Amino acid sequence: MYSKDGESYFIVDAHIALWDARPENIRNVQGQQFIDCFYDYHANLSPESEVWTKEAYLYQGGERLMKDLFEDGYVDHAIFQPAHLGEFYHRGFGQTDEASALAAQHPDKLTYNHNFDPRNGEAGLDQLRADAERFGLKGVKLYTAEWHGDSRGWRLDDPMAYRYFELCRELGITNIHIHKGPTIRPLDRDAFDVADVDHVATDFTDLNFIVEHVGLPRLEDFCWIATQEPNVHGGLAVAMPFIHTRPRYFAQIIGELLYWIGEDRIQFSSDYALWTPRWLVEQFVDFQIPEDLTEYAPLTTAQKKKILGLNAAKMYDIEVPAELRLPDADEPETGPRQPEAADLGAMAAV
Amino acid sequence: MTLTAGPPTVVARLADDVRRALDVVMDPELDEPITDLGFVRSVEVDEAGGVEVHLRLPTSFCSPNFAYLMSSDSKDALTALPWAARVVVQLDDHHDSDKINAGLAADAGYRGTFGQEAEQDLEELRETFRRKAHTAAMERCLTALLRAEPDRDVESLGDVRLSDLAPGQHTDALVRRREAVGLPLDGSSPVLVDHAGIPPDDVPMALRRARSTRISIDGNAHFCRGLLRTRYPGSEEDQVHRADGAEAADEAYDPTFIALTTLTTAQTKETTR
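Chains as they are written, first to last, in full-length UniProt numbering: chain S, 1 to 350; chain C, 1 to 273.
Simulated from the structure, these hints should not be mistaken for lab results. There's no promise every hint is true.
Said to hold, decoys possible - Below are the SDA-like pairs computed for lysine to any residue, each with C-alpha atoms no more than 20 Å apart in a straight line: (1) S:Lys-4 x S:Phe-70; (2) C:Lys-99 x S:Gly-31; (3) C:Lys-99 x S:Asp-150.
As the list claims (entries may be wrong) - Taking CB as the label site, the calculated pair distances span: (4) C:Gln-116 x S:Arg-27: 57 to 63 Å; (5) C:Gly-112 x S:Arg-169: 42 to 48 Å; (6) S:Asp-317 x C:Gly-168: 52 to 58 Å; (7) C:Glu-149 x S:Gln-228: 28 to 34 Å; (8) S:Thr-300 x C:Ala-249: 24 to 30 Å; (9) S:Gln-32 x C:Asp-164: 50 to 56 Å; (10) C:Glu-236 x S:Glu-166: 49 to 55 Å; (11) S:Gly-335 x C:Gly-182: 30 to 36 Å; (12) S:Pro-159 x C:Glu-123: 24 to 30 Å; (13) C:Asp-172 x S:Gln-228: 31 to 37 Å; (14) C:Glu-236 x S:Lys-109: 37 to 43 Å; (15) C:Gly-109 x S:His-106: 50 to 56 Å.
To be verified - Going by beta-carbon spacing under 7 Å, a handful of chain C positions derived as facing chain S: (16) Ser-63; (17) Glu-237; (18) Tyr-253.
All values reported here derive from a predicted model rather than from experimental measurement. Beta carbons are placed, not taken as given, at the ideal position from N, Cα and C, and that holds for glycine.
Just chain C, with the same shape it has in the complex (with noise of 0.2 Å):
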């Protein structure tokens, strides 16, 4: 990531503002904030306000509308500091790069942006990804505790409650998520629930299908991180480690990486899977 010259002190602290702010755009899809999978290409700042941002994706074809959601959430961030005056934000090398870049810069909104292929708004996307987020952060909660408690029954998940749940990153990302659907945080929840608190007639199953959404959550979330190292060299500087679904491979780029097998206790090394 790249800063522009000037005053140090300032502009270091401008750009540094500006950072934190991109801090809240996520991918939804791998749900993630842009920083943290180094799609922030570069960030240019000046002491008049001028605010200048370039994001980068995987590929060329990543989905254009995870594409505009990101790029349209990272102008909203940067539109809402203080200090800003005049806020660019590009989209580089994608297919609908063109297209997405005028629609920022008019603020022509999605409909605006896309015209006839847009039908009414991302709402309803973006809802979907929430749930598909809490689901794998549910199932990482009771898969660990399954792995802790070997003798442990699957059918009796679905009395787990919330406060049967140890404290850690997994259950606090699971509370995250059951705030982001709307789901009650209180610690008598039930935990296995879908979006709507509605918990499921066969338990074992429930858990496979959330099974299955984690780990497709997971096995994206690092495919694209390699793939953007792949089309960005040096890019892998701007990335933050993924404990969920992490391999040995990914300590080549990753000197924080602690390789699974160095890991004695069963709790530890579900924490980095």
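Looking at chain S on its own, in the form it has when it is part of the complex (with noise of 0.2 Å):
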């Protein structure tokens, strides 16, 4: 929990890893080029304070992350969301074991989610059932830029896709979470191209669909998709922290998101260890759309509440004491939720 100016917010971090990047744990070189593109993330984004040395950055250990989250980082609840990058390294990249185990540990602090690859056929499946029992899933993490032997990426509205789905619905796991990567399949679309999430979203109406980095660097197909889609929301991983050096950006993204899909479906995240949720939550509390985006309505204290933790604690039945709760906003289902609000010169128009 995080309190300032006599306000309480319960804080979810809602995209957390445990990852193993040491040079033991890399198979070939774009494992090594995947964790230096996550550190040039962590370096570019962080304020100076806050960036880890290099060394520091390759793994972190269940210990570091507990203090990080929950002593240092105001988190009341975290949930794993691991990508696994078998093709890069040895063991994975998201460490399964020591991260479920850490969940096991502290089942009040931590949800483990795990991954599929409809890639993998019957037996994916077989290891689905299996691995929701393991770890009684109400989630999973899905990758759809992951290398599998000659393939290097999968579409949601891939045939076999739709067993793994329907056999989520049979599971009960219902939170998908979906982050776009470059995509290379099919080579000669936008590799970043979201519209598979539109079909799935459309055919499995019972599951909701969070899409991570709130669709960047496709931010605009994301908005238009996800108005129209009751069951999308949107993850804020790797969009906090521009909050930071680009926080005109950064308002801008919140108020797009704001006025497309409203302040229900918006999720708070750190992507730890790409950054760390201490100073994201203090400068997200103390942020303000600028005054001269009048596009944008100011952003108000219950909507902070519900990004930073309530709007994942209610996907997620976490509990959360009974004076941190809100309702949910009087906004429509599907279209602008805000549009009275929402724009320059509409103000005229009322």
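Starting from the two chains in their separate frames, assemble the complex, guided by the hints.
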């Protein structure tokens, strides 16, 4: 929990990882390039005081994770969203055993989501059944840019993927977190295309689809799809740290999300260990839309509370102290959520 | 960017030719020349007409289709130089560097380079981003108009014609983007249209969608610049300032940057955002 100026915020970090990119786990040049790329993200967007050494960045371990999130970072509950990356790392990038053991040890603080890859076919379906039982899964993290043998990406609307979603439905895995990386298949099309999210969200209305990084670098495509689908949500992983070096861009991202999907469908995350939650929570609570961006209404305290934790808590049935809860906004399920407050010149038209 | 030693005037002139030739190569996603983005890592030329250019990108995992487009467009632009006898273009430090560089060396084309991962060509991809570039340019002009005329009704933007726009960078940019997607350029043409020239039924919604596109392109263009600077220290020397989407933090990398707060008129403000 974080408190400031008489307000208290329940914090759910909805996208964290316990990864291992130490040299002994790196399988090939791509594994090296992947962690180098993460570190550049970290170094480029963090405040100077929050930049780690490269060595510290390669692996954190459970103890440091618990400290960074729960002792220093104000987090009440965090959700593992592991990327497998078996083609790049010998034992995978996200550390399944270690992270799930940590979650089992601290069930009040941690939820472990796992992943699947429809290219594993029938055997993968059996594995998903076993994983659901082993981890008590409520959610999965899917990375469509994962490499797999000769294939360098898959689509959510591939027929085999539908079999997996049907199984998710059967097993009660309701929260599907999607990371659209640079998916190489089909190479002719935009690698970050989110059109497949539209198809699955329409066909599986009883599942929640949380698009991580709010579709970045395709914010506009994400907003347009998400506004039409009541079961599509936006995860702020990677978008959050822009609050520091690019606050106007961050303001516009938040302003667009509030307009297109509304305050009940946006989830905070630090994307740990890409970044740490402490400074992100502090800066977000202090944040306001710059006054000259008159196309957006000012951000309210209630909106901040929902984004920082209440929305994810609701999706994951995480208990929130009664005094910190808030009701849903009276907003439409689809279409623009606050058109009257959200445009330059619109006031003149009202 | 490094140049090889040699007779200074000749080599310098040829290297300059190379750079000017590369000015026409665009990053389709960011809608900017690769020379402005700092993606040209080195240029080597010799008097016998040999050219070797190395390109670099903000991350190893930038989309390979864009990486290929920029690399092969660079090779095409350099091969067209009348004096160029031998052209080598290499993409450095990308996860597909080996594949792309081999394809470029063999002039294998898109399908020859990527094999089964390539279906037809990258024309649809280029067109998608030409349309987005047009959408963003259109939004910049119309939002500037709204800020300049705060009492203007958003609905009335549907009636704005090209000749109603104030002359300046944003209008020039819109005209160029209209030309690229094949829209008419005469003053009586409506501004708020899609790539096919069709006006929207819902004007405020169309403006909002266009705005999200503009925010996305500006945000990506600055983030990519920042990542390149982090990945290749010193590369800021090769980057040209981008006014659209600029923020206070950019001042550190750009001596010509003018902070928003020091500007007074609404119109000037708009052009620096």
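Here is how each hint holds up against the structure:
Between Lys-4 of chain S and Phe-70 of chain S the CA atoms are separated by roughly 17 Å; this keeps the pair inside 20 Å, and the hint holds. A hinted pair counts as satisfied when its Cα atoms are at most 20 Å apart, and Lys-99 of chain C with Gly-31 of chain S qualifies at roughly 17 Å. Under the criterion of a C-alpha separation no larger than 20 Å, the hint pairing Lys-99 of chain C with Asp-150 of chain S is consistent with the structure, at around 14 Å. At roughly 23 Å, the beta-carbon separation of Gln-116 of chain C and Arg-27 of chain S lies outside the given 57 to 63 Å, and the hint is violated.
As the Cβ distance of Gly-112 of chain C to Arg-169 of chain S is approximately 43 Å, the hint placing it in 42 to 48 Å holds. Between Asp-317 of chain S and Gly-168 of chain C the CB atoms are about 54 Å apart, so this pair conforms to the stated range of 52 to 58 Å. For Glu-149 of chain C paired with Gln-228 of chain S, a C-beta distance near 32 Å keeps the hint of 28 to 34 Å intact. Range check, Thr-300 of chain S to Ala-249 of chain C: about 27 Å between beta-carbon atoms, so the 24 to 30 Å window is met.
The hinted range of 50 to 56 Å is satisfied by Gln-32 of chain S and Asp-164 of chain C, whose Cβ atoms lie roughly 54 Å apart. About 51 Å separates the C-beta atoms of Glu-236 of chain C and Glu-166 of chain S, a value consistent with the hinted range of 49 to 55 Å. Checked against the hint of 30 to 36 Å, the pair Gly-335 of chain S and Gly-182 of chain C passes, with Cβ atoms roughly 31 Å apart. Roughly 28 Å separates the CB atoms of Pro-159 of chain S and Glu-123 of chain C, a value that falls within the hinted 24 to 30 Å.
For the pair Asp-172 of chain C and Gln-228 of chain S, the supplied restraint of 31 to 37 Å holds, since their beta-carbon distance comes to about 35 Å. For the pair Glu-236 of chain C and Lys-109 of chain S, the supplied restraint of 37 to 43 Å holds, since their beta-carbon distance comes to about 42 Å. Range check, Gly-109 of chain C to His-106 of chain S: Cβ separation about 55 Å, and the 50 to 56 Å hint holds. Because the smallest distance between the Cβ of Ser-63 of chain C and any Cβ of chain S comes to about 4 Å, under 7 Å, the interface hint for this residue holds.
Nearest Cβ of chain S to the Cβ of Glu-237 of chain C: about 17 Å, over the 7 Å cut. The hint is violated. This hint is violated: Tyr-253 of chain C has a C-beta 11 Å from the nearest C-beta of chain S, more than the 7 Å allowed.
Consistency note: the structure conflicts with the earlier hints numbered 4, 17, 18.
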